[in-house]
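There are 2 protein chains.
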Amino acid sequence: MFMGSPGDTTTPYVPTPRTTPTRARERVSYDRELVHSVLDAGYLCHLGFVRDGAPVVLPTLYARAGERLYVHGSTGSRPLRDAGRPEVRADGGMPVCVTVTHVDGLVLAKSAFHHSVNYRSVVVHGRAVQVTDHEERLLALDALVDNVVPGRAADSRPADARELAATAVLRVELAEVSVKVRTGGPKDEPEDLGLPHWSGVLPVAPVYGTPVPADDLAPGIPVPGYLTAR
Amino acid sequence: MFMGSPGDTTTPYVPTPRTTPTRARERVSYDRELVHSVLDAGYLCHLGFVRDGAPVVLPTLYARAGERLYVHGSTGSRPLRDAGRPEVRADGGMPVCVTVTHVDGLVLAKSAFHHSVNYRSVVVHGRAVQVTDHEERLLALDALVDNVVPGRAADSRPADARELAATAVLRVELAEVSVKVRTGGPKDEPEDLGLPHWSGVLPVAPVYGTPVPADDLAPGIPVPGYLTAR
Chain A
0 MFMGSPGDTT
10 TPYVPTPRTT
20 PTRARERVSY
30 DRELVHSVLD
40 AGYLCHLGFV
50 RDGAPVVLPT
60 LYARAGERLY
70 VHGSTGSRPL
80 RDAGRPEVRA
90 DGGMPVCVTV
100 THVDGLVLAK
110 SAFHHSVNYR
120 SVVVHGRAVQ
130 VTDHEERLLA
140 LDALVDNVVP
150 GRAADSRPAD
160 ARELAATAVL
170 RVELAEVSVK
180 VRTGGPKDEP
190 EDLGLPHWSG
200 VLPVAPVYGT
210 PVPADDLAPG
220 IPVPGYLTAR
Chain B
0 MFMGSPGDTT
10 TPYVPTPRTT
20 PTRARERVSY
30 DRELVHSVLD
40 AGYLCHLGFV
50 RDGAPVVLPT
60 LYARAGERLY
70 VHGSTGSRPL
80 RDAGRPEVRA
90 DGGMPVCVTV
100 THVDGLVLAK
110 SAFHHSVNYR
120 SVVVHGRAVQ
130 VTDHEERLLA
140 LDALVDNVVP
150 GRAADSRPAD
160 ARELAATAVL
170 RVELAEVSVK
180 VRTGGPKDEP
190 EDLGLPHWSG
200 VLPVAPVYGT
210 PVPADDLAPG
220 IPVPGYLTAR
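From first to last, the protein sequence lines are chains A and B.
Under numbering that gives the first Met the number 0, the first sequence has 17 at position 18, and the numbering climbs by one with no breaks.
Under numbering that gives the first Met the number 0, the second sequence has 211 at position 212, and the numbering climbs by one with no breaks.
Hints are computed from structural coordinates only; laboratory data are not their basis.
One or more of the hints may lead you astray.
Said to hold, decoys possible - Distance condition first, Cα-Cα at most 20 Å in a straight line; then the derived SDA-like pairs of lysine to any residue:
{"hint": "1", "chain 1": "A", "residue 1": "179", "chain 2": "B", "residue 2": "220"}
{"hint": "2", "chain 1": "A", "residue 1": "186", "chain 2": "B", "residue 2": "220"}
{"hint": "3", "chain 1": "B", "residue 1": "186", "chain 2": "A", "residue 2": "59"}
{"hint": "4", "chain 1": "B", "residue 1": "186", "chain 2": "A", "residue 2": "162"}
From a predicted model like this one, the values you see are computed outputs, not experimental measurements.
Between the sequences and the hints, there should be enough to build the whole structure, so can you do that?
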């Protein structure tokens, strides 16, 4: 079962000390469907790992398939090389933290202190292991393309043997996971409500523009429907 | 000099082993003005640190002031507590990696392998120290509000003593810094150019919506110009 156990999405993730916040506890959830929906709404994660005792955080693409998260990269890139080292593999993988964040609005309160941001953020703790199974690698690479542009994997040339050999795929199981969500307006102190400052929320969302054809695109190839619908 | 030395912005940051990529070297730069411009274009960073030997990556707001980066949070939050521990202070601060990423476009190539993303990303390695100087704390907190909504710090009630006591501010010097930028269209293999797939770039950018007044906002307070201009 390559794509992770479908499981029971009504069963929440089990909190652990490191997925239990010390504050703003009302914003945290372990709800599986909510976690999945926040992950599926994005494609860029920030992957954290430790090198020489210091943290490293790099932006990279990801895709979810069931209870597995995939990232990929060149076999020459350092985190992917690190994860493939024999002692790391023997240790169950490279400790990572994968964080996905969507900003939904800027929250302006009467007081500077109560300014905030509306956001949805998933934090995944786990170990990244190199995927070696050929079938799983192919499924993961398709998922990585389709998670950025749904429908695109089938409308592009699949990787050939040389490209596959140059690509490393890492898998992180979704097990130690939490999601934080803030919604709604500012929470001002009652005594501030008479102040003359505007308060409220400025919504923000990513918006896609008009597709720009490549310089070397032959004439007559139309923009595909999965882009124009975006 | 609280806001960091203005320095000579034409002098690049000095590369170190961990700011030197093993691949895609043509995308990396240490140009100070470029680093500043990428940082100043955003307000959300992903802050990485190490706890119990494992990486943790949390989204948080930041602001740049000269060659200093500030983040803040509740004195009760774990990374901020960690950074304030005496042994960490004695050690020069908490090792952190602060990463800021803007996605500018989805790059669709003829081949799945050459799919990419246009982005700008800054990675800062350093040590986070708790800011204890009162003046610097006030300047940092104003910068944090103004970096999200320019002009807002002056149009809100400043933090009072209780709020200041509940807020920790961390500072990271901009010294070990790199920036990566990818722009332009897909880089397809010449032998793929005859394939029937569309290729090009789908631009993406954050777009701000119509400001939503707070439920408890008194009537007659207009939306400020610094929001409508956005």
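Cross-check of the supplied hints:
1. Simply put, residue 179(A) and residue 220(B) have alpha-carbon atoms about 32 Å apart, too far for the 20 Å limit, and the pair is violated.
2. The hinted pair formed by residue 186(A) and residue 220(B) meets the criterion: a straight-line CA distance of about 18 Å does not exceed 20 Å.
3. In summary, the hint linking residue 186(B) to residue 59(A) is supported, as the alpha carbons are separated by about 19 Å, within the 20 Å threshold.
4. Of the supplied pair hints, the one linking residue 186(B) and residue 162(A) holds, its CA atoms being roughly 14 Å apart against a limit of 20 Å.
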